[in-house]
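Undergrad: Going down the list, the protein sequences come from chains A, B and C. Here the numbering used here is used: position 178 in the first sequence is 178, and no number is missing along the way. Here the numbering used here is used: position 151 in the second sequence is 151, and no number is missing along the way. Here the numbering used here is used: position 214 in the third sequence is 214, and no number is missing along the way.
Derived from the structure by calculation, the hints contain no laboratory data. Think of the CB as a built atom: it goes at the ideal place given N, C-alpha and C, for glycine as much as any other residue. Do not take every clue at face value.
[To be verified] Here are the computed lysine-lysine pairs in the DSS-like style, where the Cα-Cα straight-line distance is at most 25 angstroms:
hint, chain 1, residue 1, chain 2, residue 2
1, A, Lys226, B, Lys264
2, C, Lys147, B, Lys264
3, C, Lys48, B, Lys347
4, C, Lys281, A, Lys106
5, A, Lys226, B, Lys350
6, C, Lys48, B, Lys352
7, C, Lys4, A, Lys106
[Claimed, not checked] Pulled a few chain A residues facing chain B out of the computed Cβ check, cut under 8 angstroms:
hint, residue
8, Glu44
9, Ser225
10, Leu247
11, Gln269
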Amino acid sequence: MKKKRLRTVSGKAPLWLNIIMWMVVTLFVAPFYILIIYAFKPREATMLSNPLSLPDSLYLGNFTEAVEKSNFFLAFKNSLICTICGVAILVVVCSMAAYIIVRRQKSRFYAIWQYIFLAAVMLPFQTVMFPIYKDLVSLKMLNTLPAYILVSVGFQLGFDIFLYCGFIKTVPLELEEAALIDGCGRMRTFWKIVFPLLKPVTMTVVVLSALAIWNDYQMALVVISKPAVATLPLAQQSFIGQQISYLNLAAAACLLSIIPIFVMYLFLQKYIVKGVVAGAVKG
Amino acid sequence: MKKLVSLFLAAAMVLTLLAGCGSGGEAPASEAPESNAEASGSAEAPSGEDTSSDEEVTLTFLHHMGEQGKQDGLVKLVEAFHEKYPNINVEVEFLSRDDFINQYKQRVSADNAPDLINYRPFETPELIEAGLIEPLDASLFPEGIDQNCIKSLSIDGVIYGVPLDVGGYGFYYNKNQLEAVGVDPESLNTRSGVLDACEKLMAAGYTPLASGYAEQWPENIIIEGLTYTGILPENPTLFTDLMSGEKSFSDYPEFLEIVDYGQKLVGTYSIVDNKAASQQASDQYAQFGRGDAAMMMQGTWAVSDIRIAQEAAGNTDEFGFTIYPWSDDANSNYMPANADDSFMISKDSKHKEESLLFAEFCMTEEAGKIWTNASGCISALSGVMPDDADPLMEYFTATLADHAYFFEMNPGLAGQYYQDFDKVYIEGRVAGITPEEVIENWQSAYDNIRATGG
Amino acid sequence: MTGKRKWISRLTDFIFLLPAFVIFAAVIAIPFIQAVGIAFTNWDGLSKTYQFNGLTNLTALFRDAQTANAVKNTMLYTVITCVGVNILALAITVGLNSNIRGARFLKSAMFAPIIASLVITAFIWGRIYGDVFPVNFGVPTPLTNTKTVVMGIAMMCLWRDTGLAMVIYNAGLQSVPEELKEAARVDGANAWYTFWHVTFPMLAPAVTTCVTLWLGYGLKVFDYPKVATNGGPGKASETFCIFVYNHFFSNNRAGYGQMAALVMLIAVVGITSAVTKALRKREVQM
Chain A
1 MKKKRLRTVS GKAPLWLNII MWMVVTLFVA PFYILIIYAF KPREATMLSN
51 PLSLPDSLYL GNFTEAVEKS NFFLAFKNSL ICTICGVAIL VVVCSMAAYI
101 IVRRQKSRFY AIWQYIFLAA VMLPFQTVMF PIYKDLVSLK MLNTLPAYIL
151 VSVGFQLGFD IFLYCGFIKT VPLELEEAAL IDGCGRMRTF WKIVFPLLKP
201 VTMTVVVLSA LAIWNDYQMA LVVISKPAVA TLPLAQQSFI GQQISYLNLA
251 AAACLLSIIP IFVMYLFLQK YIVKGVVAGA VKG
Chain B
1 MKKLVSLFLA AAMVLTLLAG CGSGGEAPAS EAPESNAEAS GSAEAPSGED
51 TSSDEEVTLT FLHHMGEQGK QDGLVKLVEA FHEKYPNINV EVEFLSRDDF
101 INQYKQRVSA DNAPDLINYR PFETPELIEA GLIEPLDASL FPEGIDQNCI
151 KSLSIDGVIY GVPLDVGGYG FYYNKNQLEA VGVDPESLNT RSGVLDACEK
201 LMAAGYTPLA SGYAEQWPEN IIIEGLTYTG ILPENPTLFT DLMSGEKSFS
251 DYPEFLEIVD YGQKLVGTYS IVDNKAASQQ ASDQYAQFGR GDAAMMMQGT
301 WAVSDIRIAQ EAAGNTDEFG FTIYPWSDDA NSNYMPANAD DSFMISKDSK
351 HKEESLLFAE FCMTEEAGKI WTNASGCISA LSGVMPDDAD PLMEYFTATL
401 ADHAYFFEMN PGLAGQYYQD FDKVYIEGRV AGITPEEVIE NWQSAYDNIR
451 ATGG
Chain C
1 MTGKRKWISR LTDFIFLLPA FVIFAAVIAI PFIQAVGIAF TNWDGLSKTY
51 QFNGLTNLTA LFRDAQTANA VKNTMLYTVI TCVGVNILAL AITVGLNSNI
101 RGARFLKSAM FAPIIASLVI TAFIWGRIYG DVFPVNFGVP TPLTNTKTVV
151 MGIAMMCLWR DTGLAMVIYN AGLQSVPEEL KEAARVDGAN AWYTFWHVTF
201 PMLAPAVTTC VTLWLGYGLK VFDYPKVATN GGPGKASETF CIFVYNHFFS
251 NNRAGYGQMA ALVMLIAVVG ITSAVTKALR KREVQM
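Please model the entire structure based on the sequences and the hints provided.
TA: See the structure below:
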């Protein structure tokens, strides 16, 4: 109540600021216009010299052709499996690890792990690219989705633990202490009491990890290059590579791949803002 | 809180469900024969490779052909082959050219080499040196095939590559625009003729040459093409001498002329206005096809894309094609030519016999016809023409027959030497430095590679 | 009895860490140790055999004239993106949080570029630089000029990453108590003064986080120059990661490339931790 009153006192922003902000944001969104108009133009129109013109009519042929030729639904399914499994594993594994790292901070063993995981965030994939490939071949796991899920989880691990650690530090101890005294085991206490409290940061982890896995190209290229297991970015890149002079099809394929992640983003975007509140910032 | 827990449980259930259907659905029909083949391959290896012909076998063909026509061609070739040998499947796998060599080498060093790879010996002498490629018997190739083409797929007299088509690069020109400024296409057969035409076109307000030089390869083929026809024929060991340090770039005065010429073509005549400075090779095709530029430096493979752009823009100009002259002596100018799309067989292939059968099949007239019809490329087999050939096809085959130089019959540049040859040149052209400085930079780049143990 | 209990409790504690530990070991630690082994050999990436060659790769790396070029490009890119992303994100966040009409919608819109994959970013900017710049603005594409190419690639990063940094700044800004700002305003401070002396110090932790992150992202950048120019024209946008990647297989010098990767990792971790430390110190002073 008090807050609300104060807000109204601070007043509306001046007109010029409104205009500038709207312009800046428009500038950031505008590039998508290109993707959209190319996706609705027949190929001949993309070869003319007025790139920004609106298409004469909404030509949908690109989409059907792109779906057919780029094996869209198979790649879509692969992407979905990898993203959902990867995110679920990340949430479970990282929240647990971060919890113990924060709660046992006084133990040197656990404190060190925080730094090790943080260093892993800085590790360029190229440093371990080849050994990973070779190991997967000898384990006969190359071109399998579980292997890809494992690798992408491994590379996202550090960042997610970092987010969780920052948030868990702000979670008060009283509740779990009461539960522990009541005879709840540490594991039970964590899942019953602590984990629900982590909802905001969990949502952030879900969104950011899902984006990272859904959009990953580098690791996918090394781990799952066969068409049968390829994820969307891979299928798309190879599709674009195979259609070098079919800009319209490439745009249509890109636009299609953006839709599911855009929907997820629409539903969860409020958490991106909320979740990190205490998470990353009060590190 | 309860809601959250149930939400999480629901998510976990969805997850297990999906994971379940994932592992079940992971091996769709398309993958089944492959895993099958892998299993039979590993089972077979110790038993001495007695590949009986009724066993199901899947070959992997790794390629980097970006054009739709070629992709269709590959599919049709594989289908026709499968009809002949129902027990052999060929799985065609595409990788973009940027990633190709890295991915291929990664696979080789992890003992996972594809059976057939879309490369030529000249591009990757290191693969042959490392003993990764199967030598081929001359009897595999029919008599009608151009012997120079076969030579260009050999190293030290041993054949390694199987050609699907041949091609070369030169100037496409717009007859109407040349006519409008009073240039006779015949005069394009010397260097000064080309420069003179560019000058006249520019003075009359035309864009002399289509651009597209944000991508590297359209410019690579200019400097490479000039070197291949200007210096290499007289100095077959040019590249090995430069790599070993036995000779330096300044030992070949022709480099000065070539660099100067190449810089002028791209730097002065291609980027005359900002409209022409666009990005990719596809833009280049479109520019020329629309009639926005009077000439274009490109390969024989570009013709079908040019036609599409031409039709889309309703451009009725007539196009021609001529060779790419490096000197003022018309008699010493050739079209740099090679067996553009070729493949080699891995030595470590578990299905060598079947791979050889596929190679043999590709050398039949039937396969040649399939390939040239679908890809629009010039078949490596003489006398095999596509059913509805582009008017320019006549020029192509005539030039290939009597004015082409298959430069790949000489040893090529390896690894970093090859990369740096193009990169140093392009960087120099972009930065606007003199040809003398380019030659110095080339030399210091090569010295640097040697000094750091490359 | 208590000893046993203690052990059980220690074991449960470790079970919390175990899954993360196993995945980390399998995906990062073990491959990393294998990679270190390769760095001290002359392996060409193809042969079945190779020899240990001690520190030859390391000394060669410091003698290599190309190293300096890669370092220079990486540094330039890192400075532009790290400074650019942070200033843009901070400015836009503060702007959007000052009672703008439709601020919620604008915020959502600002985050939209995050969802574009690299493949899509490359496509979109390929067309912007290739078509829109020359045809509509009459400016040639920055990607074909050795002097502007790094700037051009950095623009792609600014477009895509600003939203992500805004996520963190937004969170930080919401943790600034409204009362504090109000108090400053009541004291007669203008908006500028309030920002610098009230809001910005409260944002310091967010600044530290973002600067560290984008410093790290910048130093190990690979994707953007790879898809935009493949390191060209010439080597004008070859970053250190591309340098490593090229040596690995294209140049048949896997051992050398692996050594370069190792040196890079040490540099990245060193630089980012030094900068973080310095920023944290400043945070306290503020």
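Undergrad: Hint by hint, note whether the structure agrees.
TA: How the hints compare with the structure:
| no. | hint | in the structure |
| --- | --- | --- |
| 1 | A:Lys226 <-> B:Lys264 | 44 angstroms, violated |
| 2 | C:Lys147 <-> B:Lys264 | 20 angstroms, holds |
| 3 | C:Lys48 <-> B:Lys347 | 14 angstroms, holds |
| 4 | C:Lys281 <-> A:Lys106 | 22 angstroms, holds |
| 5 | A:Lys226 <-> B:Lys350 | 19 angstroms, holds |
| 6 | C:Lys48 <-> B:Lys352 | 20 angstroms, holds |
| 7 | C:Lys4 <-> A:Lys106 | 21 angstroms, holds |
| 8 | Glu44 | 3 angstroms, holds |
| 9 | Ser225 | 7 angstroms, holds |
| 10 | Leu247 | 7 angstroms, holds |
| 11 | Gln269 | 18 angstroms, violated |
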